[in-house]
Amino acid sequence: MTISPWVGRALLASALLVYPHLATDFWIVSVGAYAMVLGIIALSLTFLTAYGGMISMAQMATAGAAGYALAIFSAHSASAGMALLPWPWAVAAAIAVGTLTGILIGIVAVRSQGIYMLMSTLAIAMIMFYLAQQNTTILHGFDGFSGVAVPRVGGVSLREPLPFYFLCLTSAALLYALVIYLVRVPFGLVIQGIRDDPLRMASLGYRVWLHQVMAFAVAGFIAAVGGVLSLWYHGGISPGSIGITATVNVLIVAVIGGLGHPRGAFIGALVFVLLQNFAVDLVGSNRYNTLIGFVFLVIVMASPDGLTGLWRRLRGMRKGSLDGGVVTQKL
Amino acid sequence: MLSRKLRCLALVAGITAGFSISVSAQSTNIRIGGLATLDGPFVALGQEAFRAMEMAFEEANYTAGGRKIDWIKESSDGRPDVALTKARKLIEQDKVDILIGPMSGGEGLAIKEYAKTAPTKTFVNGFSAAQETTLVSPAANFFRFGADGAQWQAGLGNYVYDTKGYRNVAVVAGDYSFGYTQVLGFMSEFCAKGGKVIEKIWVPNGTKDFSSAIARIPNKADAVYIMMGGADSINFLTQYDQSGAKQPLILGSNVSDQTVLSAKGPFQRRLVGLPSAHMVADGIEDAVYKDYVAKYKKRFPDGLSSPSAPFYGYYVATKAVLAGLNQVAGDLSGDQAKFRAALSKLRLDMPAGQVSLDENRQAIANIYVTEVARAPDGSLYNKVVKVIPNVNQTLGQPREAFVARGVPSRDNPSCP
Amino acid sequence: MKLLLLASLNGITLAALYFIVASGFTLIFGMMRVVNLAHGSLYLIGAYLGHDVAALSGSFPLALAGGALGAALVGMAIHYFLLDRYQGDDLRQALVTIGLSIIAADLLLARYGGLSYQFELPEMFYGSMPMPIVGGYPIFRIVLIGLAIAVYLALWLLVQRTRFGIMIRAGVDDRHMLGAIGVNVPLISTLVFGLGAALVGFAGVVGSSALSIAPGEDARYLLSSLVVVIVGGMGSLPGAAIGALLIGLAEQIGLAYFPTYSIILSFVIMVAVLAWRPYGLLGRPA
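Chains as they are written, first to last, in our numbering: chain A, 95 to 425; chain B, 10 to 425; chain C, -15 to 270.
Check the hints yourself; a few may be wrong.
In silico lysine to aspartate or glutamate, EDC-like type, Cα no more than 20 Å apart, as pairs [stated by the list, open to error]:
1. B:Lys354 / B:Glu368
2. B:Lys125 / A:Glu254
3. B:Lys125 / B:Asp367
4. B:Lys104 / A:Asp291
If you're looking for bench data, these hints aren't it; they were derived computationally from the structure.
Using the sequences and the hints, build the whole thing.
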């Protein structure tokens, strides 16, 4: 039995549109919207991995750079209600800062490959974490920013459950579409060519370095949007938001969902958010981290392509093929 | 392959089941959320916090104002983001009426801001002690029955100036807001007396090897004031002892906590006689306090040798909530207005003395100046040398003048 | 002058500790190209087990042996059951070890709680010894330098002068050829992993005698090992020594002269080295 992919997509879209009208505020915002925010940040990693063959541990830090920038320009609890910039400008500036951060990280990161890139980007993430913690004059040190004002449009706060849900949904859908579009245009094809064989692409005359940095720029842009939404979701940001735990969490989300396809980021984020909120009900006590570590380990060992890879393989098996999820093997 | 899919399905089913259970548990019981840290750097403190709530609830038989109490626990890891996520879950999903927590300063600032967006619920601080939380733009539904980090040091500056005769002090402290706040509390008395803080060495959070910070302590300092988090203070004390440094120490509140005193290690022999100050002291010679310690030891045989400061913080918070509920006979109607009015007027007789609130719903309470001493059984405790009664948030100064001095920072205050 | 001397001495002794911790990491990577991100967990396991042994026996040498042996057994089990099957897939191995480190941290927390532990050092190692110019210096920190040199020499002799070492070096160069001439490569690999784990377990006991053991130390020592080994060049023993010296000195001199941003310094050095020499100072491409 085969269902046309378009039927599936239409069903998913209508489910996402109807869902907030049926669910409680908690399920709309703390599960639905937050999973999309986390999914967007993980998408920036999945984009790099799936199509660029690059793995970056600095995506949470990039999102954090945008979040910090927006917090600085917005009204917050230490600014006496004053915002430095009107919010559309502040958001634009924040996204520019995030994209620029992505480019700068890319310039350093693409000097190395594979596991070395993982570690050099981890070091960059730690630099940004400690910078945020130690700088008290601009970045407010250990406590960071709290009470950040969320813009109101037409008298309605964007942080109200329904507006925020649809804001996140729209952003996630647009960014997902952007990724799908980019990998089909020449730029994306070159990126994938470099992933598969950088030497050949170089000898064909493509500037490998430049394309990889541009991929980091795109990832930076995606992460920056996630950072803006994350700041509004939490109403603040602190060094802990970009620390080692948060950094590893993005990797966990992307791996659980599957590094091979952008949809994995959102599936992983949903599973992660559900576990985060309801692991207590499942395992009863305080061993939430054991559970999440175990789920992560089982998925890494059972399916290199995460839950999406698992799904594809199950379908592939029915079609008589065991192939699926080879992308991460190439890293 | 299929069995894996089944496992996924089982997981989803389990989550859904958990969801429906927590929703169906709606009843006429009062729901109280507890938020503390069972993960991250403050694990030991989080365990104490939940012990405290458990003991307070058991004393009340899980009843207040004639209604049963449902207690829902959530754990943070000390990060404001996580504390906020868990607070939201407690309020929005678990539908708690009252939230008790959080543990640490940054979390407290985030929860205070969140409280402003949930005006129909009541938030009672657990152990977080950032000064700003209640001093600057407080939330109308956020109550703190514990003193803040600056209050905790009341009496210490005078004590070391008058009794110990120190005139020049060097500071080695954690480079974050709680460190600044405690140093401010110490300095405001010490500098007013004419004492000099000749060098401040701020050590970044995450530093474990303090030896080069110790090397910077000037020779002409009479004593060294130290303040850093639990595990870090053990490292510092060990290295200080090993380095052969001779200057006496003055301990910030975290350094003299039972979580440090109970830790085994050779640094212990250096601690006896060192002064400190806190909102509670395990050496309080008072029948009510001794009864409280005895109850703790009986209830938690695997706990610390005596209840810690975070235990006391959460215990007082829970007791305050229970007392408030009793006063209004469990009536939380009208968006809890009556309950909040009752909380604001409470005068609680607690094991470490009476607690009342100021107009910002911040505690006015006793502070204990102590010296570390060795008990007959060999364990260390804080012997009370002086009680400073009814310390308020502005440390006895007029509110405007105090606020005008600005928030504590690396350079504020200063008296070199 | 005195401060610079003290800070340098502190940096060298901290480097000694960093080297002992990182030596196992670089050994494992050199032989198998496994990036073991559970390295910090093995440190913590060694430290806690050593503490249990010390509590039972009251002997510091037994604690060292217990910590090393316990970590070695756990390490060999990890390699044999979980990592060996993914030989050559370095990302997958790294991810498996990340999962393990999350689980290990949580289970150790459940078992040992959140309080800090310390070792009672033998009296002869505790306290300070007289020294010119600086006055006094902690004895144990000097001992650390001796231990680091001993570890370096032992590893060098093992790799350069023994049959086992010849097989390790052959394995680094061509694993398949080594297998083809009849050497049991999986067994050698598991033993090398066990040796690396034993080193870090040993380091756990040593490190928590100099400092203390608490939850969170796993991530800290994992990061410091990563930085040290990446700066020096992954898989290179002299590289690890140079990396440890650079990082140890940078951290302590930074703490003495510009404490606010000192904590960033080691990561900045690492990024700078990577940007200049992507495989570290003494490393070479895989």
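Hint check results:
For the suggested pair Lys354 of chain B and Glu368 of chain B, the alpha carbons sit about 10 Å apart, so the restraint of at most 20 Å is met. Of the pairs offered as hints, the one joining Lys125 of chain B and Glu254 of chain A holds, with about 14 Å between alpha carbons and a cut-off of 20 Å not exceeded. This hinted pair checks out: Lys125 of chain B and Asp367 of chain B have alpha carbons roughly 19 Å apart, not beyond 20 Å. A C-alpha spacing of about 55 Å is found between Lys104 of chain B and Asp291 of chain A, which places the hinted pair above 20 Å, so the restraint is violated.
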